[in-house]
Amino acid sequence: MNAPPALALHQVHVRYGEVTALDGVDLELAPGRVTGLIGMNGSGKSTLMRTAMGMQRPDRGTVRLAGHDPARARSRGLAGYVPQSEAVDWDFPISVREVVMMGRYGHQGPLRRPSRADRAAVDEALDRVELADIAERQIGRLSGGQRKRAFVARGIAQDASLLLLDEPFAGVDKRSEATLVRLLRELAADGRTVLVSTHDLHALPQLADDAVLLLRRVLYHGPVAGALEPAVLARAFGLDPTAEVPA
Amino acid sequence: MIGLDIGLLDLVLEPLRYDFMVRALVTTVVAAIVCALLSCWLVLIGWSLMGDAVSHAVLPGVVLAYIVGAPFALGAVVFGLGAVALIGLVRGTGRVKEDAAIGIVFTTLFALGLVLISVTPSQTDLGHIIFGNILGISRGDLLQIGVLAALVAAVLLAKRRDLTLYAFDPAHAHAIGLSPRRLGALLLGALALTCVVALQVVGVILVVAMLIIPGATARLLTDRFSRMLVIAPVSAALCAIAGILGSFWLDASSGGLVVLAQGLLFALVLVLGPRGVLAARRRAGGDGIVPARA
Numbered sequence: 000m001n002a003p004p005a006l007a008l009h010q011v012h013v014r015y016g017e018v019t020a021l022d023g024v025d026l027e028l029a030p031g032r033v034t035g036l037i038g039m040n041g042s043g044k045s046t047l048m049r050t051a052m053g054m055q056r057p058d059r060g061t062v063r064l065a066g067h068d069p070a071r072a073r074s075r076g077l078a079g080y081v082p083q084s085e086a087v088d089w090d091f092p093i094s095v096r097e098v099v100m101m102g103r104y105g106h107q108g109p110l111r112r113p114s115r116a117d118r119a120a121v122d123e124a125l126d127r128v129e130l131a132d133i134a135e136r137q138i139g140r141l142s143g144g145q146r147k148r149a150f151v152a153r154g155i156a157q158d159a160s161l162l163l164l165d166e167p168f169a170g171v172d173k174r175s176e177a178t179l180v181r182l183l184r185e186l187a188a189d190g191r192t193v194l195v196s197t198h199d200l201h202a203l204p205q206l207a208d209d210a211v212l213l214l215r216r217v218l219y220h221g222p223v224a225g226a227l228e229p230a231v232l233a234r235a236f237g238l239d240p241t242a243e244v245p246a
Numbered sequence: 000m001i002g003l004d005i006g007l008l009d010l011v012l013e014p015l016r017y018d019f020m021v022r023a024l025v026t027t028v029v030a031a032i033v034c035a036l037l038s039c040w041l042v043l044i045g046w047s048l049m050g051d052a053v054s055h056a057v058l059p060g061v062v063l064a065y066i067v068g069a070p071f072a073l074g075a076v077v078f079g080l081g082a083v084a085l086i087g088l089v090r091g092t093g094r095v096k097e098d099a100a101i102g103i104v105f106t107t108l109f110a111l112g113l114v115l116i117s118v119t120p121s122q123t124d125l126g127h128i129i130f131g132n133i134l135g136i137s138r139g140d141l142l143q144i145g146v147l148a149a150l151v152a153a154v155l156l157a158k159r160r161d162l163t164l165y166a167f168d169p170a171h172a173h174a175i176g177l178s179p180r181r182l183g184a185l186l187l188g189a190l191a192l193t194c195v196v197a198l199q200v201v202g203v204i205l206v207v208a209m210l211i212i213p214g215a216t217a218r219l220l221t222d223r224f225s226r227m228l229v230i231a232p233v234s235a236a237l238c239a240i241a242g243i244l245g246s247f248w249l250d251a252s253s254g255g256l257v258v259l260a261q262g263l264l265f266a267l268v269l270v271l272g273p274r275g276v277l278a279a280r281r282r283a284g285g286d287g288i289v290p291a292r293a
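Quick mapping for you: the protein sequence lines, in order, are chains A and B. The first sequence begins at 0 in numbering that gives the first Met the number 0 and counts up by one. The second sequence begins at 0 in numbering that gives the first Met the number 0 and counts up by one.
Simulated from the structure, these hints should not be mistaken for lab results. Beta carbons are placed, not taken as given, at the ideal position from N, Cα and C, and that holds for glycine. Do not take every clue at face value.
As the list claims (entries may be wrong) - Partial selection, computed: residues in chain A whose CB lies under 10 Å from chain B:
1. Gly-53
2. Gly-79
3. Pro-82
4. Tyr-104
5. His-106
6. Gln-107
7. Pro-109
8. Arg-112
9. Arg-115
10. Ala-116
11. Gln-137
12. Arg-140
What the hints assert, rightly or not - One-sided excerpt, in silico: chain B residues whose CB lies under 8 Å from chain A:
13. Leu-43
14. Asp-51
15. Ala-157
16. Arg-160
17. Leu-164
18. Asp-168
19. His-171
20. Ile-175
21. Ser-178
22. Arg-181
23. Arg-218
24. Thr-221
25. Asp-222
26. Phe-224
27. Met-227
Sequences are here, hints too, so could you generate the full structure?
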């Protein structure tokens, strides 16, 4: 395993004015794994994702994606991002297919005229997430789970090797959640790296290989079972900040 | 019937026997089309107020350009983008919300424009910039407006997919290595230039109507952005024609009538359109609103 980590954060600090959002985060994600990012509201989950995508510049520390600096990784389309539901305008007059095609823009010329290869990639991605038969629908006319899959399809069409999903299970019913979990596991089996922020601890064992517990810094990074130990959870959720993690 | 047909034809042809009316008609249609294209993005991003701000803020730029003999477009772009930067600066203090920041900056710049106009001796009445002077458009004005409009329309259409991505999901634009900042600036630059085109037609005060209404009307008629880019300019052009011809026969404000036509069309679509008030009531009265899911 000489491949560089899909995502590597080293001593990342992010501050918004007086508020410290990330306080020395060290994190390395190996390729081909699904990692659950766990923490309470305000623990820095979204900030960590935004920093990994380069939307937030760290005050200190370094970010590397597959060994590249973030700007280079972005222009190569290495990282795909599935935004939180609240961050999307679901009334926007755009079809599912058009959303997925946006994943191809980085592969296209300045006018973004789709080639045959682009169309094929979009069709394939739509098949993969099982939305091919409703591809012409306006994006807001999908159920919560279908919406998430549409954005995952965009990441597939983009051929991103790292996929970041911010709270994908919020407002998604159990059956759609199971479909989404299966899809993410398949993508990891292909060798992609998947980072999912969630506070749905019950789904974690089915979803993820590893868990990261975050409270402005990484409190735990390892197998899911270890993260679900009560003493470990208590630290991340601030019930007892002085509790020691059992060795 | 034949008599009526000839009557309708005369209604259109009679005004066109005058050169100034032809120029007015062409200019208004051109301005309406480029405003309508831009409006599709503005209404989706939620930049209506920004359109209002920039269209007012260009006034001192245009007056200063007149004073020093520079092209109006240059003054407009400098002040349009300057206003946006100022708004960002005021909002960035954290104590003033965005709508207040916009309100403060654009009214102050507009006031500066008014003061400059009042102290500037001029051949042409600069007051025309405020209310438009479509019937006084010269051949040179027409040429300038045509060139600017063509330039803006070409850039908007060439970059339409990137601009739509920016409007829909700037985070993804960033994720694939595009610059949301640059795309936003492109849109604002186009906005400033469009204001120059349109303010000679309807004036600074009514420009914002032409920058919002056609896009909003088109949005009511379709769920496809690509179709909005057709519906908005076509409807705006028809309203422009109706407004100019109406102003000839009614001897009323041409800019006012153009905007009034756009507003009436919007109201019509809002009530009678496929997603309009009446249609919603029919659906609710029938078997209820069908939830859209697979």
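Hints, one by one, checked against the model:
1. Among the interface hints, the one on A:Gly-53 holds; its C-beta lies about 7 Å from the nearest C-beta in chain B, closer than the 10 Å criterion.
2. The beta carbon of A:Gly-79 is positioned within 10 Å of a beta carbon in chain B (closest approach about 7 Å), and the interface hint is therefore held.
3. Interface restraint check: A:Pro-82 against chain B, minimum CB-CB distance 6 Å, threshold 10 Å, status holds.
4. With 10 Å as the threshold, the beta carbon of A:Tyr-104 comes within range of chain B, its nearest partner Cβ sitting at about 6 Å, so the hint holds.
5. Residue-level restraint check for A:His-106 holds (minimum Cβ-Cβ distance to chain B is 9 Å; threshold 10 Å).
6. With a least beta-carbon distance of about 9 Å to chain B, the hint placing A:Gln-107 at the interface is held under the 10 Å criterion.
7. With a cut of 10 Å, the hint placing A:Pro-109 at the interface with chain B holds, because the nearest CB-to-CB distance is about 8 Å.
8. The restraint placing A:Arg-112 at the interface with chain B holds, with a minimum CB-CB distance near 9 Å, inside the 10 Å limit.
9. Below 10 Å, beta-carbon pairs count as interface contacts, and A:Arg-115 has none with chain B, the closest being about 17 Å; its hint is therefore violated.
10. Below 10 Å, beta-carbon pairs count as interface contacts, and A:Ala-116 has none with chain B, the closest being about 16 Å; its hint is therefore violated.
11. The beta carbon of A:Gln-137 comes within 4 Å of a beta carbon in chain B, closer than 10 Å, and the hint placing it at the interface holds.
12. For A:Arg-140, the interface hint holds, since its Cβ comes within 10 Å of a Cβ in chain B; the closest pair sits about 4 Å apart.
13. A distance limit of 8 Å between C-beta atoms decides the matter here; for B:Leu-43 the minimum to chain A is near 6 Å, and the interface restraint holds.
14. With 8 Å as the threshold, the beta carbon of B:Asp-51 stays out of range of chain A, its nearest partner Cβ sitting at about 21 Å, so the hint is violated.
15. At a threshold of 8 Å, the smallest CB-CB gap from B:Ala-157 to chain A is about 6 Å, leaving the interface hint in force.
16. Proximity of B:Arg-160 to chain A holds as hinted, the smallest CB-CB distance being about 4 Å (cut-off 8 Å).
17. The beta carbon of B:Leu-164 is positioned within 8 Å of a beta carbon in chain A (closest approach about 5 Å), and the interface hint is therefore held.
18. Among the interface hints, the one on B:Asp-168 holds; its C-beta lies about 7 Å from the nearest C-beta in chain A, closer than the 8 Å criterion.
19. The interface hint given for B:His-171 holds, since its Cβ lies 6 Å from the closest Cβ of chain A, which is under the 8 Å cut-off.
20. Interface restraint check for B:Ile-175: the shortest CB-CB distance to chain A comes to about 4 Å, inside 8 Å, so the restraint holds.
21. Evaluation of the B:Ser-178 hint against chain A yields a violated restraint, the C-beta minimum of about 10 Å exceeding 8 Å.
22. A cut of 8 Å between beta carbons decides the hint on B:Arg-181: the least distance to chain A is about 13 Å, and the hint is violated.
23. For B:Arg-218, the interface hint holds, the least distance from its beta-carbon to any beta-carbon of chain A being 6 Å, beneath 8 Å.
24. Against a cut-off of 8 Å between C-beta atoms, the interface hint on B:Thr-221 holds, since the closest Cβ of chain A lies about 6 Å away.
25. Nearest Cβ of chain A to the Cβ of B:Asp-222: about 4 Å, under the 8 Å cut. The hint holds.
26. Checking B:Phe-224 against chain A: minimum C-beta separation of about 5 Å stays under 8 Å; hint holds.
27. A least Cβ separation of about 6 Å between B:Met-227 and chain A falls short of the 8 Å threshold, and the interface hint therefore holds.
The structure fails hints 9, 10, 14, 21 and 22 (numbered hints given earlier, in ascending order).
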